[in-house]
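**Student:** Full structure from sequences and hints, please.
Protein chains in written order, with this note's numbering: chain A, 3 to 373; chain B, -19 to 320.
There's no promise every hint is true.
[As the list claims (entries may be wrong)] Some chain B residues near chain A, calculated using beta-carbon distances under 7 Å:
{"id": "1", "residue": "Lys197"}
{"id": "2", "residue": "Ala201"}
{"id": "3", "residue": "Leu204"}
{"id": "4", "residue": "Gln210"}
{"id": "5", "residue": "Asn211"}
{"id": "6", "residue": "Leu212"}
{"id": "7", "residue": "Gly213"}
{"id": "8", "residue": "Ala259"}
[Claimed, not checked] With a straight-line Cα cutoff of 30 Å, these simulated DSBU-like cross-link-like pairs (lysine-lysine) come out:
{"id": "9", "chain 1": "A", "residue 1": "Lys81", "chain 2": "A", "residue 2": "Lys9"}
{"id": "10", "chain 1": "A", "residue 1": "Lys218", "chain 2": "A", "residue 2": "Lys19"}
{"id": "11", "chain 1": "A", "residue 1": "Lys334", "chain 2": "A", "residue 2": "Lys354"}
{"id": "12", "chain 1": "A", "residue 1": "Lys315", "chain 2": "A", "residue 2": "Lys333"}
{"id": "13", "chain 1": "A", "residue 1": "Lys333", "chain 2": "A", "residue 2": "Lys305"}
{"id": "14", "chain 1": "B", "residue 1": "Lys125", "chain 2": "A", "residue 2": "Lys19"}
{"id": "15", "chain 1": "A", "residue 1": "Lys20", "chain 2": "A", "residue 2": "Lys218"}
{"id": "16", "chain 1": "A", "residue 1": "Lys20", "chain 2": "B", "residue 2": "Lys220"}
{"id": "17", "chain 1": "B", "residue 1": "Lys220", "chain 2": "B", "residue 2": "Lys127"}
{"id": "18", "chain 1": "A", "residue 1": "Lys350", "chain 2": "A", "residue 2": "Lys315"}
{"id": "19", "chain 1": "A", "residue 1": "Lys81", "chain 2": "A", "residue 2": "Lys121"}
{"id": "20", "chain 1": "A", "residue 1": "Lys20", "chain 2": "B", "residue 2": "Lys127"}
{"id": "21", "chain 1": "A", "residue 1": "Lys259", "chain 2": "A", "residue 2": "Lys354"}
{"id": "22", "chain 1": "A", "residue 1": "Lys305", "chain 2": "A", "residue 2": "Lys213"}
{"id": "23", "chain 1": "A", "residue 1": "Lys19", "chain 2": "B", "residue 2": "Lys127"}
{"id": "24", "chain 1": "A", "residue 1": "Lys305", "chain 2": "A", "residue 2": "Lys350"}
{"id": "25", "chain 1": "A", "residue 1": "Lys315", "chain 2": "A", "residue 2": "Lys259"}
{"id": "26", "chain 1": "A", "residue 1": "Lys315", "chain 2": "A", "residue 2": "Lys305"}
{"id": "27", "chain 1": "A", "residue 1": "Lys333", "chain 2": "A", "residue 2": "Lys354"}
{"id": "28", "chain 1": "A", "residue 1": "Lys259", "chain 2": "A", "residue 2": "Lys305"}
{"id": "29", "chain 1": "A", "residue 1": "Lys121", "chain 2": "B", "residue 2": "Lys(-17)"}
{"id": "30", "chain 1": "B", "residue 1": "Lys220", "chain 2": "A", "residue 2": "Lys19"}
{"id": "31", "chain 1": "A", "residue 1": "Lys20", "chain 2": "B", "residue 2": "Lys125"}
{"id": "32", "chain 1": "B", "residue 1": "Lys220", "chain 2": "A", "residue 2": "Lys81"}
{"id": "33", "chain 1": "A", "residue 1": "Lys315", "chain 2": "A", "residue 2": "Lys354"}
{"id": "34", "chain 1": "A", "residue 1": "Lys221", "chain 2": "A", "residue 2": "Lys20"}
{"id": "35", "chain 1": "A", "residue 1": "Lys315", "chain 2": "A", "residue 2": "Lys334"}
{"id": "36", "chain 1": "B", "residue 1": "Lys(-17)", "chain 2": "A", "residue 2": "Lys81"}
{"id": "37", "chain 1": "A", "residue 1": "Lys121", "chain 2": "B", "residue 2": "Lys220"}
{"id": "38", "chain 1": "A", "residue 1": "Lys9", "chain 2": "A", "residue 2": "Lys213"}
Since the hints were derived computationally from the structure, they do not count as laboratory data.
Each residue gets a CB set at the ideal place from its N, CA and C atoms; glycine is no exception.
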Amino acid sequence: MGNTVLKAESLAVGYGKKIVVDGLEIEVRPGEVLTIIGPNGAGKTTILKSISAQLPAISGSITVGSSDLADMSLRDISKTMAVCFTGRTDLERMTCEDVVSSGRYPYTGRLGLLSEEDKRIVRQAMELTGISALCDTDVNCISDGQRQTVMLARAVAQQPRVLILDEPSSFLDINNKLRLLSLLRELAKSRSIAVVQTLHELDLAQRFSDKILCVKDNKAQRIGAPEEIFCGDYISRLYGISYGTFLPGFGVAEAQKPEGQPQVFVIGGGGSGISTYRRLQRQGIPFAAGVLHENDVEYPVAKSLAAVLITEKAFEPISEESMARAREIMKKCSEVICCIEVFGSMNKGNRKLLEEYNISHLEQKKEPEIL
Amino acid sequence: MQKNRAIRWTVCFAALIILSAVFFLLEIAGGTTDISFSDVLRALTDGSDTAAHTIVAEIRLPRAIAAALLGGALSVSGFLLQTFFANPIAGPYVLGISSGAKLTVALAMMITMQHNILLSSAEMIGSAFFGSLLSMAAILLLSGKVKNMSQLIIAGVMIGYICSSVTELAVTFADDANIVNLHNWSMGSFSGISMDNIPVITVTVLLAASASFFLSKPMGAFQLGESYAQNLGVDIRRLKLAMILISSVLSACVTAFAGPVSFVGVAVPHLIKNLFGTARPLIVIPASFIGGAVFCLACDLVARTLFAPVELSISTITAVFGAPVVVAAMLSRRTQKRGA
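**Tutor:** Structure representation (structure tokens):
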């Protein structure tokens, strides 16, 4: 739907002659959300600065609508693109409404007086972002989340076709992050605004983007839908993750697995084992887990945390072969933890393993009990 | 609230205008020779050569006009610098810009006096402007290195000290005849201003002040931060240059005629922002101009009349009233930050 509103072709951005990111090919359509991800210092903000005309491009072209960014006047640019930065500026004696009103700057006359129409647009922007109640409040007296929303309302009042945000969700609590990003999506859709943002939260990038651009080592590495980016070990390689394991399906990371011979055997499944795996990881105890089906919800967690993982093919009952392997490992473990409360036909094998263990364990324990 | 604000602003403007008129009249009427208001009017209207007429038309009237215009100039200059540096305690005096102007004016005066030439008003402003720009250049160089607002102020104060000591040095070796003149002037006083200076002062100050008024839109955007201003279509380089030049012209004009006048540039805009409850340049620039006029008229009145016939330097009084406001401005900023 709709034509490309922002397009960058073989774009190189940076400071002076020093190229920070090269080989950028970007295409954003109205209503789309493009998120730029990549390790610290990869040049995400530099890209934003260039496409918002704050920094001249080193080579390549940026097209906004049908015109080349380099040929546009400051005023035309300000009517098509609005920015939102995280960096806190000290605003002296300004109400939230004052801040939002500043978005009307490109539309007002010599002295910047607001017309009735401007005032209506400001009110509307505040309503749309849900900050009408803050109208007369000093911007220094509101929370970070509210402040970020005020800056967003300001950008909305600017009536842009492209909205550029640098880490809009930083410093916000989880609910405010969700609220802000949902709001951005809504705005993009309802007003046909193309949104370009950087995010550090990969889980949110995965959930709130139409397209993701990955930047690393002075290069634009990949651009695509979240499902194309969050697959295999790509994210892990992008960030060079070495202090844990990234689970692309969830968009989150697990901490480093404890190394060594498994001391504990965990029987889990269906998500029941996750908290135990994480507890053992925290305590630095290497453990074995099994028998897990390869399509089990906790399989990725177990795989990244367990020293040994015994698996079974998806939708198949646990085979004798897997059981035999589990028994062998279990013998070497000093403890077995069972997280399963109800067994079914698919994990009958696990019940059997547990029963066998209990019997042998009770026999061993009899003597000390008499004593 | 929109309406309340408009009412508040109207009332405040009206009050400032009334106050400036009152102090203007008091400034003319008050002094070692008490002249009643009716005598003042009579002295001004009929051109007779009475003593009252001489005192009023040739001494007190130019002095009052100068105090009003130069007070306004200082305040607007201060507000421009505060916006430029995003620092509420910046001002021409604390940043050493007045002292830079003082130095070049003193040097120019001494050199020309040796050749028995008197500097014209415009030449005085020119040499002061040159000195302002020198100090400003030093401050700008340093401001790139310091990120912290107190460091900037300390740097400015140091520049001020350097300029002042060089001025003192020059004055020490000046001819005896020049010293009295220079000394008075370098302490800051509106007393040396004659009617001949008034046209140049009026034109320069009013032009520069109205130019700054027409910068209020981009300045308002600039208050949000450079990136936002740029995104809103402000030509940052041009705006910055304009703010520097205008504030330098304004403070140069003050220093050329009244010497360095302390703290007005910081205190008045701070008081105005509090009074009007906004930092919007469209309001603060004209309000600071009138406020500065009121402040300087009142301070000059005190300087002249407190220990009459002994006259105090204007900076003595502006410092007494202004310095506490500067401290208050600094503290209010800190609590604001902590609260946010």
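**Student:** Using Cβ atoms only, decide whether Gly213(B) comes closer than 7 Å to chain A, and label the hint accordingly.
**Tutor:** Cβ of Gly213(B) sits 3 Å from chain A, so the hint holds.
**Student:** Between the alpha carbons of Lys20(A) and Lys220(B), is the straight-line distance 30 Å or under?
**Tutor:** This hinted pair holds, its Cα atoms lying about 26 Å apart.
**Student:** Within a Cα-Cα threshold of 30 Å, do Lys20(A) and Lys125(B) meet the stated pairing?
**Tutor:** 22 Å, holds
**Student:** Grab the minimum C-beta distance from Lys197(B) to chain A and call the hint holds if it beats 7 Å, violated otherwise.
**Tutor:** 4 Å, holds
**Student:** Decide if the proposed pair is consistent with the structure: Lys305(A) and Lys213(A), CA atoms, cutoff 30 Å inclusive.
**Tutor:** 29 Å, holds
**Student:** Is Lys221(A) close enough to Lys20(A), meaning Cα to Cα at most 30 Å?
**Tutor:** 13 Å, holds
**Student:** Run the distance test for Lys218(A) versus Lys19(A): straight-line Cα separation, threshold 30 Å.
**Tutor:** 19 Å, holds
**Student:** Check whether the Cα positions of Lys259(A) and Lys305(A) lie no farther apart than 30 Å.
**Tutor:** Given pair Lys259(A), Lys305(A) holds - Cα atoms ~9 Å apart, limit 30 Å.
**Student:** If you draw a straight line from the CA of Lys315(A) to the CA of Lys354(A), is it 30 Å or shorter?
**Tutor:** Holds. Lys315(A) to Lys354(A) sits at ~18 Å (cutoff 30 Å).
**Student:** For the pair we were handed, Lys220(B) and Lys127(B), check the Cα-Cα distance against 30 Å.
**Tutor:** 18 Å, holds
**Student:** Mind checking the alpha carbons of Lys20(A) and Lys127(B) for me, to see if they're no more than 30 Å apart?
**Tutor:** Answer holds: Lys20(A) to Lys127(B) is near 24 Å, not above 30 Å.
**Student:** Do the numbers back the hint for Leu204(B), that is, is its least Cβ distance to chain A under 7 Å?
**Tutor:** 6 Å, holds
Of the numbered hints listed earlier, not one is contradicted by the structure.
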